[in-house]
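Given chain U's structure and the hints, the job is docking chain X with the ligands onto it.
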Amino acid sequence: MNAKHATYPGAFHPLARLLHWLMALLILTMLFVGVGMVSTVSEKHQWLLALHKPLGVTIFVLALIRLAVRWRHPPPPLPADMPLLMQWVAHASHWVLYALMLSLPLVGWAMLSAGGYPISLGGSWHLPPLLSFDGETYAWLRVTHRWLAYLLFVTVLGHMGAALYHGLIRRDDVLPSMTFPRRETVVVEPVIVTPTASEPPSSEPPRV
Amino acid sequence: MTDPSRQPPSNQPWRWALIGLAVVVLAGAFAYVAGWLTPQRLSSRRLVDTLQEGGGVHPGFRRNHAKGVCVVGYFESNGEAASYSTASVFAAGSRTPVVGRFALPGGNPYAPDSSVPIRSFALRFALPHGEQWRTGMNSMPVFPVATPQAFYDQLVATLPDPATGKPDPKKAGAFFASHPETGAFLAWVKTAKPSASYVTETYEALNAFYFVDGTGKRHAVRWKVTPVATDDAGTGPQAGDPDYLAKDLQQRLAQGPLRWHLRVTLAEPGDPTNDATKQWPADRHTIDAGTLVIESEQPQDSGPCRDVNYDPTIVPEGIAISDDPLLPARSAAYAVSYLRRTSEEAHLPGAARATTPSEHP
Ligand code: HEM
Ligand code: HEM
Ligand code: HEM
Numbered sequence: 001m002n003a004k005h006a007t008y009p010g011a012f013h014p015l016a017r018l019l020h021w022l023m024a025l026l027i028l029t030m031l032f033v034g035v036g037m038v039s040t041v042s043e044k045h046q047w048l049l050a051l052h053k054p055l056g057v058t059i060f061v062l063a064l065i066r067l068a069v070r071w072r073h074p075p076p077p078l079p080a081d082m083p084l085l086m087q088w089v090a091h092a093s094h095w096v097l098y099a100l101m102l103s104l105p106l107v108g109w110a111m112l113s114a115g116g117y118p119i120s121l122g123g124s125w126h127l128p129p130l131l132s133f134d135g136e137t138y139a140w141l142r143v144t145h146r147w148l149a150y151l152l153f154v155t156v157l158g159h160m161g162a163a164l165y166h167g168l169i170r171r172d173d174v175l176p177s178m179t180f181p182r183r184e185t186v187v188v189e190p191v192i193v194t195p196t197a198s199e200p201p202s203s204e205p206p207r208v
Numbered sequence: 001m002t003d004p005s006r007q008p009p010s011n012q013p014w015r016w017a018l019i020g021l022a023v024v025v026l027a028g029a030f031a032y033v034a035g036w037l038t039p040q041r042l043s044s045r046r047l048v049d050t051l052q053e054g055g056g057v058h059p060g061f062r063r064n065h066a067k068g069v070c071v072v073g074y075f076e077s078n079g080e081a082a083s084y085s086t087a088s089v090f091a092a093g094s095r096t097p098v099v100g101r102f103a104l105p106g107g108n109p110y111a112p113d114s115s116v117p118i119r120s121f122a123l124r125f126a127l128p129h130g131e132q133w134r135t136g137m138n139s140m141p142v143f144p145v146a147t148p149q150a151f152y153d154q155l156v157a158t159l160p161d162p163a164t165g166k167p168d169p170k171k172a173g174a175f176f177a178s179h180p181e182t183g184a185f186l187a188w189v190k191t192a193k194p195s196a197s198y199v200t201e202t203y204e205a206l207n208a209f210y211f212v213d214g215t216g217k218r219h220a221v222r223w224k225v226t227p228v229a230t231d232d233a234g235t236g237p238q239a240g241d242p243d244y245l246a247k248d249l250q251q252r253l254a255q256g257p258l259r260w261h262l263r264v265t266l267a268e269p270g271d272p273t274n275d276a277t278k279q280w281p282a283d284r285h286t287i288d289a290g291t292l293v294i295e296s297e298q299p300q301d302s303g304p305c306r307d308v309n310y311d312p313t314i315v316p317e318g319i320a321i322s323d324d325p326l327l328p329a330r331s332a333a334y335a336v337s338y339l340r341r342t343s344e345e346a347h348l349p350g351a352a353r354a355t356t357p358s359e360h361p
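Listed in order, the protein sequences are those of chains U and X.
Numbering-wise, UniProt numbering puts 125 at position 125 of the first sequence, and it's gapless, one number per residue.
Numbering-wise, UniProt numbering puts 194 at position 194 of the second sequence, and it's gapless, one number per residue.
Watch out, some of these pointers could steer you wrong.
Partial list, derived from the structure: chain X residues whose beta carbon lies under 10 Å from chain U [said to hold, decoys possible]: (1) Ser10; (2) Leu26; (3) Tyr74; (4) Leu127; (5) Asn309; (6) Ser343.
FYI, nobody ran anything at the bench for these hints, they're computed from the structure.
All C-beta atoms in this analysis are idealised placements derived from N, C-alpha and C, irrespective of residue type, glycine included.
For reference, chain U alone in the conformation it holds in the complex (with noise of 0.2 Å):
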């Protein structure tokens, strides 16, 4: 059941796509806000910080959402002529990157929550504590945010280096699938459109 999508069968679906250039997007972003906000002293100290917390929450959302939309719409294999080891990779550094996405927004909220601090996401917005105040565990999620902000963008790093070595030392499908897949690598037969069929077909070979 990998390639389920009928137009671009070793693609990623399009809301998939779409879902993973806004999120890298908004990560990203929120990883130079983070850094630059906990810098700064000027004016862009207050604007950051508001623009933080409901970003975070924004990933945190969008991410469950993503995944919603993988267990529905499976990703395409990867090239069968990838090293395992390479596959095992590429596999284990997308589930880290899931991982954090869905971690940083928390400890965000538990540790603004240990600090006793209002947690504000705009106007009198406000997320109820998920953790009682204590100081000494605040100390613990705060160092804890940071070390998981700097794994994320390190393992962001990694990714989009990877892309680039599968898009321009490969060149194989695996960026393509991310971004315009090309059309004559489609190998299923032609579509047969049928007027009832409301499941596309399958490449896969019937099974016996």
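Showing chain X with the ligands alone in chain U's frame:
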């Protein structure tokens, strides 16, 4: 996925260089934004490092206003400020719980109470629905400087000289001479005396804020708390006692709650909101918004104010920060100080170890 039309792999060096460039540029931009490539830039870390240089590192303690005491009470609004701000803390008859802290400026938690003529009062109001209002006020009419850079320069110019243990008068003099905005503060401090009590002082927020009313209109304000107690009911300084303020407070609270009026001054057009070195003219309309009542005190190493960061930019709906450049700098620097001291309490790896409360002298 065999694809006859696929291009063969290519190992040309420029392709590798392009990948490397993309990674290096992104990592470099990140390091630049984080301030790692520009250690000379004024950052929150650098401000707190310099405070530490002056006051020493005292694990678990605030990096400024290190010596202090926790207090608990409430604020009772009389409704006078409600037509200027929608904040629920100002609704007529509302009562808002408060956790506060009296302190001395400076990074040394063992400084004698008579060593500075300034005391401070910080308040955290807990409003309904998770909202909060935090403010940190000093017992002085103006702040010496208007910008974070000038604050930093003042810190550096008044660092203790390793030879004498005291600031070098030449350096300090040069700083004040080149910063005429410090004049009002210097004139005040010349005659200021260390008070015998925390509770007889007036504490001023100094930075300007906005009150936002029901129609969305903003009113530039500054607030302060003025004491009801003006008598000398306390113990006063005892000869040779460096910690008389806490004892005085304890004794007065044993006789009953202590009160302050929260007074809010409204700016006229043209009054500066971005310059804490300038007082607003004395005839500005001032409202008495209600009474702050302090009922009990606790030592800061075990009291409820210990792990509170009195970041003055934490305000509820109905209050907004102004364009005063000190406010974001305070917010950023207090967060650094807060993380350092809580990390020391938590004995995080790499943090200096804070002693447990019972080990504090
Ligand atoms: C913050 C930035 C980014 C994040 C968090 C991110 C996250 C992810 C995740 C989680 C996947 C796995 C999708 C799945 O299997 O469900 C993925 C796939 C992919 N990403 Fe990214 N990405 C980011 C930036 C980029 C960039 C900058 C590029 C390209 C230059 C890129 C190219 C790709 C490609 C080609 C795939 C498909 C890999 C495959 O076929 O398995 N991504 N990304
Ligand atoms: C994907 C989501 C997120 C990312 C990538 C992210 C990233 C970061 C980064 C890089 C920093 C700077 C760390 C440092 O240098 O010490 C930071 C700080 C911070 N984050 Fe996040 N964050 C995320 C979500 C959140 C959320 C949801 C919240 C709160 C609801 C939050 C609250 C904060 C706060 C308050 C700080 C600064 C605290 C201080 O000044 O000490 N973050 N974040
Ligand atoms: C850029 C200028 C300033 C810097 C860098 C600065 C720095 C600091 C730091 C690092 C702390 C310790 C915070 C903590 O660990 O919780 C502190 C405490 C404090 N500051 Fe400032 N400060 C500045 C300006 C001001 C001004 C203008 C006022 C006066 C209204 C003020 C009043 C206070 C008070 C009252 C406290 C004690 C709060 C408490 O009791 O916890 N500060 N300051």
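Here is what the structure says about each hint:
no.: 1; hint: Ser10; result: 6 Å, holds
no.: 2; hint: Leu26; result: 6 Å, holds
no.: 3; hint: Tyr74; result: 18 Å, violated
no.: 4; hint: Leu127; result: 9 Å, holds
no.: 5; hint: Asn309; result: 7 Å, holds
no.: 6; hint: Ser343; result: 4 Å, holds
Of the numbered hints listed earlier, the single one contradicted by the structure is hint 3.
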